[in-house]
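Student: Here is what each chain is made of, one letter per residue.
2 protein chains.
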Amino acid sequence: MTSRSSQATARPSTEGRAVARTQTLLQGENGVGTVRKTTLPGGLRVVTETLPSVRSATFGIWAHVGSRDETPSLNGATHYLEHLLFKGTERRSALDISAAIDAVGGEMNAFTAKEYTCYYARVLDTDLPLAIDVVCDMLTGSLIKPEDVEAERGVILEEIAMTEDDPGDCVHDLFAETMLGDTPLGRPVLGTVDTVNALTRDRIARFYKKHYDPTHLVVAAAGNVDHAKVVRQVRRAFERAGALTRTDATPIAPRDGARTLRTAGRVEVLDRRTEQAHIVLGMPGLARTDDRRWALGVLNTALGGGMSSRLFQEIREKRGLAYSVYSYTSGFADCGLFGVYAGCRPNQVHDVLKLCRDQLDQVAERGLDDEEVGRAIGQLAGSTVLGLEDTGALMNRIGKSELCWGEQMSVDDMLARISAVTPDDVRAVARDVLTRRPSLSVIGPLKDKQAARLHDVVA
Amino acid sequence: MTSRSSQATARPSTEGRAVARTQTLLQGENGVGTVRKTTLPGGLRVVTETLPSVRSATFGIWAHVGSRDETPSLNGATHYLEHLLFKGTERRSALDISAAIDAVGGEMNAFTAKEYTCYYARVLDTDLPLAIDVVCDMLTGSLIKPEDVEAERGVILEEIAMTEDDPGDCVHDLFAETMLGDTPLGRPVLGTVDTVNALTRDRIARFYKKHYDPTHLVVAAAGNVDHAKVVRQVRRAFERAGALTRTDATPIAPRDGARTLRTAGRVEVLDRRTEQAHIVLGMPGLARTDDRRWALGVLNTALGGGMSSRLFQEIREKRGLAYSVYSYTSGFADCGLFGVYAGCRPNQVHDVLKLCRDQLDQVAERGLDDEEVGRAIGQLAGSTVLGLEDTGALMNRIGKSELCWGEQMSVDDMLARISAVTPDDVRAVARDVLTRRPSLSVIGPLKDKQAARLHDVVA
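Residue numbers (my numbering), protein chains in the order written: chain A, 1 to 459; chain B, 1001 to 1459.
These are calculated hints, taken from the structure and not from any lab test.
Please note: incorrect hints may appear among the correct ones.
Below, computed lysine-lysine pairings styled on BS3-like, alpha-carbon distance capped at 25 angstroms [claimed, not checked]: (1) A:145 <-> A:210; (2) A:400 <-> A:354; (3) B:1400 <-> B:1209; (4) A:354 <-> A:210; (5) B:1145 <-> A:145; (6) A:318 <-> B:1145.
In isolation and in its complexed conformation, chain A is listed as follows:
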């Protein structure tokens, strides 16, 4: 597949401008792409993965800003801004933006998370120059017109209402709040009705100016792409917007730090007249740079990552107590979460929680057996390779790697790290993470007596 390499190749600029540094980070073969990186004067990073066997390309721009960069009164500003960047520039109206990508059958969207925001378009390779032009224009030239801010406020309030109507989704927001409280990481990405109603055009415009400097952005493209051409087109688009003038600027470093979450034994219940109770039981996990994340990945897979996992077998397969049950990890720069989700009818909440708790306790004490570890390693390895066929997934991988780790890891290296996990590694990480005292978030119509008993689960 690929092998790591890092020859820096300083290239003379053909147009007599400041020199851009280009490196080949990963050399592709056997259907895996070659990953290259250029840092443009102005501090803008461009990473590409070239996979000539496909006919499509996904182009994205990652911004080093997420809801954790918001003060309490700015909560929701990152996401609000993400919406507003679709509303128009000097060169294009909102309709021009969407019509340009729709007309070629492309898919354009964006997502805002706690630590980053990403805008992307997936198109046929022949339409890549168009996608680059449109997405770069949106990012560098948004007008943020007052009337658009007002219209979009309504859209975001609808989005909040829609999310509230999906308890299996918003229980994860509740769990973040349970674990992290009223802190930047604990607050919801969408903001609240109150904060969204209070945000002004000027505050959002200032937020834009502050966080969309080229030094805060990573451009990523994957698929049938030519690195040099992508760099040239991106450079032209950013220069046109006057955005690469600080030639000595250097890219912002990945977030770092380490933080110990002390949350333990908290229970949060949102009373809703839903059919199911939606539950997350979890505890502090690992930061995304933690070396034990590979072992935690294996643990998570065996515990709740598929139909053969322990939780699925015990709760759904053997007893029919839930339709959806799984575990997951979230890794942030400085901390992380480990959680188990289940949705079940309210009268079964205690049975389901007892089974979850039993499994967590058993694995914390004894780890997993060799067969489970082997299967989980196979599952992670196979799904990693299967994930390489989608240019959107490739773009996400290289863009997020650059922004969050400041480096690229080859697929071979990833597979080697996964395969190297031993039952002892899993036992060690289980003994650490799964013995942390859990907290619990529930959305559903629990009776008072039932709700009172929830505290026993996290005792």
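Since chain A is already given, all that's left is putting chain B on it; use the hints.
Tutor: For chain B alone, coordinates are given in the frame of chain A:
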């Protein structure tokens, strides 16, 4: 891309058994796959699309059975059975089935619709023989043990409860009921709590025996697959189960017929304490074999198929009245539906409905302008080609084509049909479909006065 071809190549069986007929239906080039079909003795069809540039394969089996094949008291049996086929055979327990695919990182799932059921696994190409063995074993050798029927009843009741908690999803079930009433097509795929509680092991087992005969199945595989090998492995698996003994059996023909839906002006409201009201406004559409479906596809795309579509622009972009708003078509063998969905806060329901109705009326009267038609054609064509990179989508295309149309259409032919649509074609289909009197389904917390006014919208 591909060109149509239909040389039937009768092949002598190498093993002295009854002869299987193999045809090359579409000849692939330029990254588009070659489609081949073999009908095995016993009436089992196997279609494959070979795309050597990928490293994965998706293997699926389509059964010619859906909820429209259920009597009222059997409602939910097709879907219940789909769950039970994962529960084990003589050779494999439920855990064996899921562990086999999990261990190689594959993705295995199934879906039940009103006219078909599909089981599939997506794996690395080297794991295709395993996927074939597991999926064929599930389909031909399910034990349907009484204790599994009981455990799975709980899972399905949870699935029904989960769906009820997602009003943006279940409003589509409500719309089908509004339009089609208490008929096989109008009833929900999942069944109801009452029908699921009443289904017995014996009735489900009889349903299985009746509907999973090889003549009712289509096997489909796409990706880096070898047609002859797939046929050999499938044949071996089915013969092992004693399922190909009726050597003179012929495959079941696609469903056909034509039916005029006379539903008009109905309003159904489900009162729920949700944040948004979830709305579907729609009318009878076209059957999936209707030649005007290409023009309706263009109309649907321009009206509500993307961010540049009329409904998105009028309701979300300009006025911020909804987050999610789109139109869609459903085509069945003998009839179809055309619908517009929007989710918005209850106090905006009437504004949103008025805007939807105005757009439908305007387009019914005047059609679309040339630019809109051109953009919609580009959008459909581009997304069709972009859809070819996913082996799961390819498997779905050839499997569903074989089952529902009894023929394969090349991508070139599809693109030609899309591109041939003229503004006059769109005007004609709009004048027919969009002038049909609409009906309306709403889930949400409407006040009585608001609910009463809904009848004006469908007047």
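Student: Each hint should be assessed against the structure and marked as holding or not.
Tutor: Here is how each hint holds up against the structure:
{"no.": "1", "hint": "A:145 <-> A:210", "result": "holds, 17 angstroms"}
{"no.": "2", "hint": "A:400 <-> A:354", "result": "violated, 37 angstroms"}
{"no.": "3", "hint": "B:1400 <-> B:1209", "result": "holds, 22 angstroms"}
{"no.": "4", "hint": "A:354 <-> A:210", "result": "violated, 48 angstroms"}
{"no.": "5", "hint": "B:1145 <-> A:145", "result": "violated, 64 angstroms"}
{"no.": "6", "hint": "A:318 <-> B:1145", "result": "holds, 13 angstroms"}
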